[in-house]
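*Asks:* Residue-level listing of the chains:
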Amino acid sequence: MIADLPLWLSIVVSVFVVLGALLTMAGCFGLVRLPNFYLRIHAPTMGTSMGGGLILLASALYFTITRDRLVLHEMVIFFFVTITTPVTLMLLARASLFRDRVEGNDGVPKRPTPTPETDA
Amino acid sequence: MSVEILHWSLLAAQFLLALAMLAATYRMIIGPRAQDRILALDALYVVALLLLVTLGIRTNSQVYFELAMLIGLLGFVGTVALAKFLLRGEVIE
Chain A
779 MIADLPLWLS IVVSVFVVLG ALLTMAGCFG LVRLPNFYLR IHAPTMGTSM GGGLILLASA
839 LYFTITRDRL VLHEMVIFFF VTITTPVTLM LLARASLFRD RVEGNDGVPK RPTPTPETDA
Chain B
248 MSVEILHWSL LAAQFLLALA MLAATYRMII GPRAQDRILA LDALYVVALL LLVTLGIRTN
308 SQVYFELAML IGLLGFVGTV ALAKFLLRGE VIE
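Those sequence lines, one after another, are chains A and B.
Quick note on the numbering used here: the first sequence kicks off at 779 and runs consecutively.
Quick note on the numbering used here: the second sequence kicks off at 248 and runs consecutively.
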């Protein structure tokens, strides 16, 4: 860390980083506490959206001020994580639904019956 | 003064993120089914990425950014491959 850090910058970065870490921790505790998989899959997205966004924003702000130039690399990670998380989690949810249907477990919606062909 | 504020808040944030990693690891170990373990692994990847970003602010170096980016890319590919394996029983068909 550098010595002549502006006070407002350290306060803003501190607030963003601690808030982001708190949200991420809340999401991971939800992963432990929630009762079934389809509820649990919602929890860690708190960390990937708001928590990650705040921490990466704090990092971008810190390096922008201390390096005296615009540093936006962190936003690349943010956009990438924001785009890929829904893709992976929807794929995972569909895989889990498929496995539950194959095993005939309760609590999952039945496979929709195909509508009969009208032009037969 | 400002350096102390940043130091202690980064320490608190790293402690919270470490707790989050422990929670995800707990779910990955007990997680009753395979999809729970994969979900916990995905969460663990993201929290490790954020921990590296806070470490980059602490040490005032941009090297950790590249590491965080690499973790983000590999986490996506890994989770998609594991979900595909659950869905089809094969990764590359």
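The reader is advised that the hints may include incorrect statements.
[What the hints assert, rightly or not] Here are a few chain A residues that sit away from chain B, every Cβ distance over 10 Å (derived from the structure):
hint	residue
1	Thr802
2	Glu852
3	Val854
4	Asp884
[Claimed, not checked] What the simulated footprint calls covered on chain A by chain B, stretch by stretch (three residues with Cβ under 8 Å from a Cβ of chain B suffice, anywhere in the stretch; the number is not a length):
hint	region
5	786–795
6	803–813
[As the list claims (entries may be wrong)] Covered stretches of chain B, going by a simulated chain A footprint (3 or more residues, C-beta under 8 Å):
hint	region
7	264–275
8	282–296
9	312–318
10	321–327
Just so you know, these hints were derived from the structure itself, not from any lab.
Here the structure is a predicted model, which is why all the values come from computation and not from measurement.
Cβ coordinates follow ideal geometry from the N, Cα and C atoms, glycine included.
*Asks:* Look at each hint and say if it fits the structure.
*Replies:* Consistency of the hints with the structure:
| no. | hint | verdict |
| --- | --- | --- |
| 1 | Thr802 | violated, 5 Å |
| 2 | Glu852 | violated, 7 Å |
| 3 | Val854 | violated, 7 Å |
| 4 | Asp884 | holds, 15 Å |
| 5 | 786–795 | holds (count 7) |
| 6 | 803–813 | holds (count 6) |
| 7 | 264–275 | holds (count 8) |
| 8 | 282–296 | holds (count 10) |
| 9 | 312–318 | holds (count 3) |
| 10 | 321–327 | holds (count 3) |
Of the numbered hints listed earlier, those contradicted by the structure are 1, 2 and 3.
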